[in-house]
Amino acid sequence: MKGGIDPFEPRASKAARQQAEEETFADVVHGFTIGSGRRGRRKRRDKADEGLRPPPTPAPSPSPTPAPSANVAPEPDESREPAVDDASIVRPYAWTGGRTKSTVQLQLETLVTTTDRGRDESSVKHAEHRSVAEICLQPRSVAEIASMFGVPLGVAKVLVGDMADLGLVTVHRTAADEGATAQLMLMERVLSGLRRL
Numbered sequence: 021m022k023g024g025i026d027p028f029e030p031r032a033s034k035a036a037r038q039q040a041e042e043e044t045f046a047d048v049v050h051g052f053t054i055g056s057g058r059r060g061r062r063k064r065r066d067k068a069d070e071g072l073r074p075p076p077t078p079a080p081s082p083s084p085t086p087a088p089s090a091n092v093a094p095e096p097d098e099s100r101e102p103a104v105d106d107a108s109i110v111r112p113y114a115w116t117g118g119r120t121k122s123t124v125q126l127q128l129e130t131l132v133t134t135t136d137r138g139r140d141e142s143s144v145k146h147a148e149h150r151s152v153a154e155i156c157l158q159p160r161s162v163a164e165i166a167s168m169f170g171v172p173l174g175v176a177k178v179l180v181g182d183m184a185d186l187g188l189v190t191v192h193r194t195a196a197d198e199g200a201t202a203q204l205m206l207m208e209r210v211l212s213g214l215r216r217l
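So for the sequence shown, my numbering puts the first residue at 21; every next one is plus one.
Since the hints were made in silico from the structure, they are not lab data.
Accuracy of the hints is not assured; some may be wrong.
[Claimed, not checked] Across the chosen pairs, the derived CB separations fall in these ranges:
id : residue 1 : residue 2 : range
1  : Pro172    : Arg150    : 16 to 22 Å
2  : Gly213    : Gly170    : 38 to 44 Å
3  : Arg216    : Glu141    : 50 to 56 Å
4  : Gln125    : Arg150    : 22 to 28 Å
Glycine included, C-beta positions come from ideal geometry on N, C-alpha and C.
Could you put together the complete structure from these sequences and hints?
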């Protein structure tokens, strides 16, 4: 009985019955809506209906699972996060002290090799320098170092420049280091070779 009128009583008007049915339908719709603002009405209705409902039956207890055998490897826990390398937590600009320019002129194709001093772990104090020294055990370009180390190119240039200043790496000369005249001569030779074809 809502609002003091029983809609199923013969004396109730047709409008009162229709209003009661609409409210009931609205209550059902709002009962299914997530985050509905009509929770107070539903709680009151649930409290009134508590006396009419039978007590809930307890859920059946889950069947016991057998213990894993001794020769089966346990499954890895997927909720655990993989170990993160300490170097990946530090922001690249913190490694360079906010600097964006290297003290050494470096191009993308400039080759870098670790020196004997760079191979000695006791002389390499910073973790990022150790990582670059390991990468450069074989001659690597600055672009390769940036890619393999996972840092922006500017950061790689600053790190390699710092390591060159400390004598940890050797920076090899490139064709661009010889100046514009060498580049012009190279382009003329390529052009003359193409004309002969």
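Going through the hints against the structure:
no. : hint                        : in the structure
1   : Pro172 x Arg150: 16 to 22 Å : holds, 19 Å
2   : Gly213 x Gly170: 38 to 44 Å : holds, 39 Å
3   : Arg216 x Glu141: 50 to 56 Å : holds, 53 Å
4   : Gln125 x Arg150: 22 to 28 Å : holds, 24 Å
Every hint, counting from the list given before, is met by this structure.
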